[in-house]
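Colleague: As a plain string of letters, each chain reads:
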Amino acid sequence: MRRSKLIALKTLVWAACLGPLFWLIWEAVTNNLGPDPTATITFTTGLVTLRLLAISLAITPIRKLVPKLSWLIRFRRLIGLFAFFYATLHLMTWIALYAGFSLDAMASDVVKRRYITVGMAAWLLLFPLAATSTNWAIRKLGGQQWSLLHKLVYLAAICGVIHYWWQVKPGVLTPTTITIVFGILLVSRPILAILSHRKRMATTVRAPGL
Amino acid sequence: MLIGKPSPIPSSAITPKEKYLNRRKFLQSAATGVAALGVSAIGAERVSQVFSPSTRVFAGTKLATVPSPLTTTGEQLTSYQDVSTFNNFYEFGVQKYQPAQNAGGLPTRPWSIQVEGMVKNPKTFDIDALLKLKPLEDRVYRHRCVEAWSMVIPWVGYSLSEFIKQCEPLSGAKYVQFLSYYDSSVEKWASETTIQWPYSEGLRMDEAMNPLTLLTFGLYGEVLPNQNGAPIRVVVPWKYGFKSAKSIVRVRFLDRQPPTTWNEQAPNEYGFYSNVNPNVDHPRWSQKTERRIGLPFYAQRRSTLMFNGYGDQVAYLYKGMDLRRDF
Chain X
1462 MRRSKLIALK TLVWAACLGP LFWLIWEAVT NNLGPDPTAT ITFTTGLVTL RLLAISLAIT
1522 PIRKLVPKLS WLIRFRRLIG LFAFFYATLH LMTWIALYAG FSLDAMASDV VKRRYITVGM
1582 AAWLLLFPLA ATSTNWAIRK LGGQQWSLLH KLVYLAAICG VIHYWWQVKP GVLTPTTITI
1642 VFGILLVSRP ILAILSHRKR MATTVRAPGL
Chain U
9 MLIGKPSPIP SSAITPKEKY LNRRKFLQSA ATGVAALGVS AIGAERVSQV FSPSTRVFAG
69 TKLATVPSPL TTTGEQLTSY QDVSTFNNFY EFGVQKYQPA QNAGGLPTRP WSIQVEGMVK
129 NPKTFDIDAL LKLKPLEDRV YRHRCVEAWS MVIPWVGYSL SEFIKQCEPL SGAKYVQFLS
189 YYDSSVEKWA SETTIQWPYS EGLRMDEAMN PLTLLTFGLY GEVLPNQNGA PIRVVVPWKY
249 GFKSAKSIVR VRFLDRQPPT TWNEQAPNEY GFYSNVNPNV DHPRWSQKTE RRIGLPFYAQ
309 RRSTLMFNGY GDQVAYLYKG MDLRRDF
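For the protein sequence lines, the chains are X and U, in the order given. Taking the working numbering, I'd label the letters of the first sequence as residues 1462 to 1671. Taking the working numbering, I'd label the letters of the second sequence as residues 9 to 335.
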């Protein structure tokens, strides 16, 4: 890809990722966050986290299916880091607007409320991934170990989805769509692996005859 | 206690009404314009459903009301805009903004309530007769949702006890059950949940007879908007909001506790009593505090009051009961 094109695309991705934050700030300043602004902030930051996580997880299967789109890999780190950024905003919303900065309230929430426990776990799983996102960290860890560590993203995504289900009322099915999306993204990995394995096998079997 | 003090609500707390009345007028005229344009596009049948006299005309009609000594004072009212656009009425969608968009088709006229079960004679009451049964009172109540948000709403109605007297329940009747309107063709969104419809709620007889329990026809001096439970609902201000059944079509007197919707859905989360209680957490979140609707995000959080602040009037009902067990 040409450098100028890459810069243009990166700018676009930055703008798209910052969009929800600027929207929240603008609506807050103009007093337009709706009847329950706290809930709007919480829901928006949480949903954007899950969506960005889904987009970052979609890049690998798309590259495997459509080799022409391989260049998408250049955006995975950026999108993943933005997912962590919104997860952190989401966490801060809870600390400030729900727990009121009270350590006691936070501790009792984490211990007593499973949706907060699993949400906290999701953030803690994303943290080392964000911390090791630099080229330096990749070199230091070595590609294989780095890849292994970054498999945690699947666990974080699963925790995130469970976190969503556990805080809607029983019988409410709003988290269905994002759950299906993550489900497809997760099962696509072994399926694509099996397919490429078969392809390899087929080539090796045919090879002697060539 | 804030209740019963003669200090009236300061007029400053009420003034915003003019503002959103204007806004509503504008929205209504805008809506009419859009509707006129839309007739050809979406078909006259759908439009008549929304705008016909049997549905929409009644919401917002002015009601003749009298003041009430049972009104709550010293609270700033939640705006009409927020009260009528932030609703839990799952038959019209699970998102808070959906009932305001989808409840237009609720046929609020003709409407009657069927009274059955342990009564002298089963009866049917017409909505227009019920509107004239007793003088309609303006009653401001705090409204606390189990989801930890709250409002202050000026309801219009009279004590449910007045209606119950007309029903002539037998002495063996210990509970009263309320069943809400349900028609899957009108309330298409109900099937987006796994809830068993119609919505059912219930009260113990002494709770139902407490003068605070309001048979409600309106809010802000006007006929209830459909999304707020038109044309008739109950309001039980010391209990979580879901106890206050909307759009009631059937009232049943029983000698045993009736099955109630959220209690059936998740008995460990939603008790039959569901009194507002800051000391008993919902299994999934704390009930110590609440978010007041309509305030900026940094000013929403406030402490939740025992019995939503109505302990003086209702605590006696639960004497000797363990409210941790009977939550």
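These are calculated hints, taken from the structure and not from any lab test. Don't take each hint at face value.
[To be verified] Facing chain X, from chain U, some residues (calculated, C-beta under 7 Å): (1) 90; (2) 94; (3) 160; (4) 183; (5) 202; (6) 275; (7) 276; (8) 279; (9) 292; (10) 299; (11) 301; (12) 308; (13) 312.
Idealized CB from N, CA, C, for every residue including glycine.
Colleague: Which earlier hints can't be squared with this structure?
Modeller: 3, 4, 6, 7, 8 and 13
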